[in-house]
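> Here is how the chains run, residue by residue.
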Amino acid sequence: MEYVSTPGRESAKQRSRRIPLDYYQQPTRLDQWKWRVTLVAVILGGIYFVWVVAGWLAGFASAARQWSPAPVADVHAAWNGQCATCHVTGVNQRSDGGAISLLTAPLSSGQSRREAADGRCIACHAGPAHHDNQFAAEIVSCAACHRDHQGRSADLTRVADSVCTHCHADLSSHRDRAKKSVAQGEPFANVTDWRWHPSFRSIGGDNQASFADPGRLRFNHALHMQAGQVAEGAKEEAKKKWESVPQKHWPQLLAGQPAPAKVDSPVQLSCASCHQLDDAVSGATVPALGAYMQPVRYERHCAGCHHEDLQIDTDNKVGSSLGELPHGLQPDEIRRVISGLLQPVAPAPPLSPAKPLQPIPGKTPGGNLAQRIDDGPGSRLVAAETRLVEKHRCGKCHVFEQQGQDGLRPAVEPTAVPTVWLKHARFAHSAHRPMQCFDCHDAKHFAWNDETKSTRLGQPPIIPNRDVCLKCHAPTTAAGTAGVRFDCVECHRYHGGDLGPHGIGAAQRGVPPDRREMLQRMTGQSGSSDAPSSSAKP
Amino acid sequence: MGNRAAICDLALWAALLAGAGCSLQVESGSATGAPVTPPVTSGPGTYTGMGSCASAGCHGRPFNGSKRDWTTAYSVWLCEDPHRRAFEVLYAERSVEMYRNLQRATKLADDPPADATYLEFLEQRCIGCHATERRSEASSATASTNSPSKYLSGVHCESCHGAAGGWLHDHYISAWPKPGTTKRASLNPTGFRDTKDLRTRAGVCVDCHVGPQIHSGRMYDVNHDLIAAGHPRLTFEFDTYLENYPKHWDAAADVARHQQAGGSFHVDAWRFGQEQVARQLVEQIRLRLADSNSSVADFSSYECFDCHHALGTHGSGTAARGGMPRPALAALESFESMQPRRTEFYGVREFLRAGLSPTPNQVITLIEKVEGTLQAIDVAPLAPLSPSRLSDQASLLTALLKRQEKQITFDRAVQFYLAVQALSRDLPDDGQRVELNVATEKLFAALSDQANFGTSDGPLTQYDSPAHFDADQVAPHLSQIRTILEEYQSSSRAGATP
Chain V
1 MEYVSTPGRE SAKQRSRRIP LDYYQQPTRL DQWKWRVTLV AVILGGIYFV
51 WVVAGWLAGF ASAARQWSPA PVADVHAAWN GQCATCHVTG VNQRSDGGAI
101 SLLTAPLSSG QSRREAADGR CIACHAGPAH HDNQFAAEIV SCAACHRDHQ
151 GRSADLTRVA DSVCTHCHAD LSSHRDRAKK SVAQGEPFAN VTDWRWHPSF
201 RSIGGDNQAS FADPGRLRFN HALHMQAGQV AEGAKEEAKK KWESVPQKHW
251 PQLLAGQPAP AKVDSPVQLS CASCHQLDDA VSGATVPALG AYMQPVRYER
301 HCAGCHHEDL QIDTDNKVGS SLGELPHGLQ PDEIRRVISG LLQPVAPAPP
351 LSPAKPLQPI PGKTPGGNLA QRIDDGPGSR LVAAETRLVE KHRCGKCHVF
401 EQQGQDGLRP AVEPTAVPTV WLKHARFAHS AHRPMQCFDC HDAKHFAWND
451 ETKSTRLGQP PIIPNRDVCL KCHAPTTAAG TAGVRFDCVE CHRYHGGDLG
501 PHGIGAAQRG VPPDRREMLQ RMTGQSGSSD APSSSAKP
Chain C
1001 MGNRAAICDL ALWAALLAGA GCSLQVESGS ATGAPVTPPV TSGPGTYTGM
1051 GSCASAGCHG RPFNGSKRDW TTAYSVWLCE DPHRRAFEVL YAERSVEMYR
1101 NLQRATKLAD DPPADATYLE FLEQRCIGCH ATERRSEASS ATASTNSPSK
1151 YLSGVHCESC HGAAGGWLHD HYISAWPKPG TTKRASLNPT GFRDTKDLRT
1201 RAGVCVDCHV GPQIHSGRMY DVNHDLIAAG HPRLTFEFDT YLENYPKHWD
1251 AAADVARHQQ AGGSFHVDAW RFGQEQVARQ LVEQIRLRLA DSNSSVADFS
1301 SYECFDCHHA LGTHGSGTAA RGGMPRPALA ALESFESMQP RRTEFYGVRE
1351 FLRAGLSPTP NQVITLIEKV EGTLQAIDVA PLAPLSPSRL SDQASLLTAL
1401 LKRQEKQITF DRAVQFYLAV QALSRDLPDD GQRVELNVAT EKLFAALSDQ
1451 ANFGTSDGPL TQYDSPAHFD ADQVAPHLSQ IRTILEEYQS SSRAGATP
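Chains V and C supply the protein sequences, listed in that same order. Everything in the first sequence is counted per the numbering used here, starting at 1 for the first residue and increasing by one. Everything in the second sequence is counted per the numbering used here, starting at 1001 for the first residue and increasing by one.
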């Protein structure tokens, strides 16, 4: 008879048949699968590894790309698969890198880590030094700041603020005092954050109201913005009228406004009558950026109204002016010009009154000694010079030296009006084209009041300071204002120090030398200044 | 670090102070280092120079020969005005001859004189009338060297229109009082001389054309010394000189404005000229009294030929014919025409009668009289000009002539001639005027003949006065003119409008 256990319950025998005796020596299903999956993974991994390494060595682009964390920026996309274009074997692209550098050190060829890393970049890019007094050890490689492999649309020039504040948060610790460069001035204030950016030093910093314009030209904006360029409340006949401005100057002074309905209406100037961007020049050979305003020039912007100031009226023959003096001559040159013009071909006729005379017995009206003596060049010269050169004439706008040099008469000082005010940053008017002049340049300087009516020389410049910029270049406020980019590189550049306007890699990009020189001159970097001279072309 | 900073600060301050001290020295031109007060450079009475007026946007618009008005004032002056060369004439041979004559008492160091010597002489004797005062601040071009170039512009804007320091920046503002309004008188303290007003204009001229002039604190007087050395006599008649003057203003508008205000331009100009000359003669006496270098009664106050005559004759002056010595440089009976104040003027004339050596008491009395006269002129205006001023003028002239026909001298005849010319310019263009002009032409011819005395080369205009004046040659013409004037008076009284 069969042993029947409880129905549903397995007997001992059955159990002994189910479970082998050496079950504890056999792997479980879990273990088996673990081993299987592991094996498959390792094999697949090995194939992948072999494929990546062998394929990379063999030059398969698809294999080489496996090494990169992200595609390179689109400016380098042509070489996305050719890693050797930028990477050097055994060299860490980031010279400030940590442990990896230690590992690769034995493989470098004796160059500094930075030079080795930069070797490929400088084949196309110039990365001029930032400042003379950086510690050599702190000058890092290109890739330390310009991180590639961030994706196609990454902007390589947008480096993080931390890269700048690494030194600029505590400048005194990062200046090598052993290196004294000639161009060193006061160190900049420390900046840890955009909020701590100081006021602009080129325009007086925090004391802009007491900063004197270095330009040596007397000019009053408020007066010129008045209708007729006269004081408030002046008589109608004292105002400058369009009819006395030669027609050829009208387009410049009107600056796009319609022509006046009546020629005897007062002249009303606008900002654009004198201030034009550098992209407005027709016939420029180098595409201009529209960043800066062109310098104001007499021949273009002032001559329309001020040309009468240069008439040489000395000839006592009524109705014949000797012509208009060219602008830009020094007093001694003016004297030579007028003396030359005054050399009489025929003796000058005597002064004559305009109407028939009332004769006086015993006297000679109309033929007195003063009217008969030879009108020598002496007095005519002085008369003409007085009108032209006296301190209220050229001196109406220009400043004279205190003493003449080498026996010459005191000359007119160079005007030296800065063309570019903010020399340590890039500013582009074209980028701000949706704005109006008075949105940034305080309109109070152009309104006629007791303060502005007497401004002439050495007044604070009407250039907006940091606070005006921060109205927009700051994080978005709760009200929804501001929000324009405010990182360091929005305005500042690292390479080339103060030669920012060059643009990076100017030499390699083939920017013509004369444009580079012009840009240098505009920022006052080179030896020459904006001085007018008699040899300057109009 | 702190010590170094402190020493640097001290050094900086020391350098700044030294620099400031040096620059002050240079500006003041004081070589000895004596303390010098900085010159006053603005405010009433300070001179700003011609350069500011000459701006093309103000008064120096280019002059093309036709438009003479305030915009071309400077340019017209430059082209036509003899005042421009008032300084240059000082370098003509005639002027250098005067220099030699004046230095005759002292031996001349060099002849012709060195530039510096001559300039020094000019600055002492001549600059007051022959140039305009310079700006108060030293011009950097000429501060170190004394050069005639600072005077070469001659007599210019501020000599007549007043030193501009106090009104330069106000006169182009609409609030500037218009000519003819009462507020215009409030401008006097600023130094502005209202040349639109005929009376003030006459007063401007007589400062130099009668004298003496004050320039930089010194008195410049054309006295007998200067006339003896060769300087022309300062005879003056305002309307005539104004007529001959190359005007740097709109003359037609000027006349029209005066006529519209109810005036009669030429006759009024004559009257104002007489008044201002008389006033200036009194002022001349006062200034000569105050100046220690002048004689109280200078010879130039008398007629030339009261003294300059041959021995044995009495000359041709008034005194010779038993009349009173009269100022030679006076306008036509200026004192007598100054109704109703002629008594004061007579008082002044009495002094001159007292001769050349007054007693101290006489001097004191004179001073009082002079001051009183000047005050009377300033306080009381002339009698109001009547609408019938032309016939009044005619009657005035006839009265004067009647009084003096027996004692007419050359100067007085010339002044009379000029007065009649002034009247004729205002008369309407009709037969009477033509008749008057014909008669005055004859008078002029007679006078010119007499004036052309001297050498056969022509008129000797240095003293423009004949040594031997024959009144009989001139008398018939004078009486004819008087007849015409009396006819005119009666016809205008009969109802014709003057």
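Quick caveat, the hints were computed from the structure, so don't treat them as lab data. Each hint should be verified, as a subset may be incorrect.
Calculated cross-link-like contacts (lysine to aspartate or glutamate; reagent style EDC-like; alpha-carbon spacing at most 20 Å) [to be verified]:
1. K1067(C) to E308(V)
2. K262(V) to D278(V)
3. K1178(C) to E308(V)
4. K363(V) to E1486(C)
5. K241(V) to D264(V)
6. K1178(C) to D1298(C)
7. K1178(C) to D1197(C)
8. K396(V) to E1486(C)
9. K239(V) to D1069(C)
10. K1067(C) to E401(V)
11. K453(V) to E232(V)
12. K1150(C) to E401(V)
13. K1442(C) to E1486(C)
14. K1406(C) to D1470(C)
15. K241(V) to D1069(C)
16. K1178(C) to E232(V)
17. K1369(C) to D1306(C)
18. K235(V) to D1291(C)
19. K235(V) to E1486(C)
20. K1150(C) to E237(V)
21. K396(V) to D264(V)
22. K396(V) to D332(V)
23. K453(V) to D1170(C)
24. K235(V) to D1470(C)
Coverage of chain C stretches by chain V, computed from C-beta distances (three or more under 8 Å per stretch; other residues unrestricted) [stated by the list, open to error]:
25. 1075 to 1086
26. 1239 to 1253
27. 1260 to 1270
28. 1442 to 1448
Sample of chain C residues facing chain V (criterion: CB under 8 Å; computed from the structure) [unchecked claim]:
29. S1055
30. A1175
31. K1178
32. I1214
Keep in mind it's a predicted model, so treat the numbers as computed, not measured. C-beta: ideal position from N, C-alpha, C; glycine also.
> Take the hints in turn and mark each one as holding or not.
Evaluation of the provided hints:
1. K1067(C) to E308(V): The given pair, whose Cα atoms are some 16 Å apart, holds under the 20 Å limit.
2. K262(V) to D278(V): At roughly 32 Å apart (the allowed maximum being 20 Å), D278(V) and K262(V) break the hint.
3. K1178(C) to E308(V): 28 Å, violated
4. K363(V) to E1486(C): This hinted pair is violated, its Cα atoms lying about 29 Å apart.
5. K241(V) to D264(V): 5 Å, holds
6. K1178(C) to D1298(C): 42 Å, violated
7. K1178(C) to D1197(C): Holds - the C-alpha atoms of D1197(C) and K1178(C) are around 11 Å apart, at most 20 Å.
8. K396(V) to E1486(C): It is violated: about 60 Å lies between the C-alpha atoms, which goes past 20 Å.
9. K239(V) to D1069(C): Holds. K239(V) to D1069(C) sits at ~16 Å (cutoff 20 Å).
10. K1067(C) to E401(V): Answer violated: K1067(C) to E401(V) is near 38 Å, above 20 Å.
11. K453(V) to E232(V): This hinted pair holds, its Cα atoms lying about 9 Å apart.
12. K1150(C) to E401(V): 19 Å, holds
13. K1442(C) to E1486(C): Judged against 20 Å, a Cα distance of about 18 Å means the pair holds.
14. K1406(C) to D1470(C): Since the Cα atoms of K1406(C) and D1470(C) sit roughly 12 Å apart, the hinted pair holds (cutoff 20 Å).
15. K241(V) to D1069(C): 17 Å, holds
16. K1178(C) to E232(V): 18 Å, holds
17. K1369(C) to D1306(C): It is violated: about 25 Å lies between the C-alpha atoms, which goes past 20 Å.
18. K235(V) to D1291(C): With a Cα-Cα distance of about 45 Å, the restraint between K235(V) and D1291(C) is violated, given a limit of 20 Å.
19. K235(V) to E1486(C): Not satisfied, since the Cα-Cα distance of roughly 49 Å exceeds 20 Å.
20. K1150(C) to E237(V): Roughly 32 Å separates the two Cα atoms, so the pair is violated.
21. K396(V) to D264(V): Distance ~25 Å between K396(V) and D264(V) Cα, so the pair is violated.
22. K396(V) to D332(V): 18 Å, holds
23. K453(V) to D1170(C): Since the Cα atoms of K453(V) and D1170(C) sit roughly 14 Å apart, the hinted pair holds (cutoff 20 Å).
24. K235(V) to D1470(C): Between K235(V) and D1470(C) the Cα gap is close to 58 Å, so the pair fails against 20 Å, i.e. violated.
25. 1075 to 1086: Satisfied; 10 residues make the cut.
26. 1239 to 1253: holds (count 6)
27. 1260 to 1270: Check failed, 0 qualifying residues.
28. 1442 to 1448: holds (count 3)
29. S1055: Holds, about 7 Å.
30. A1175: Hint on A1175(C): holds, closest Cβ of chain V at ~7 Å, below 8 Å.
31. K1178: Since chain V brings no Cβ nearer than about 10 Å to K1178(C), farther than 8 Å, the hint is violated.
32. I1214: Hint on I1214(C): violated, closest Cβ of chain V at ~22 Å, above 8 Å.
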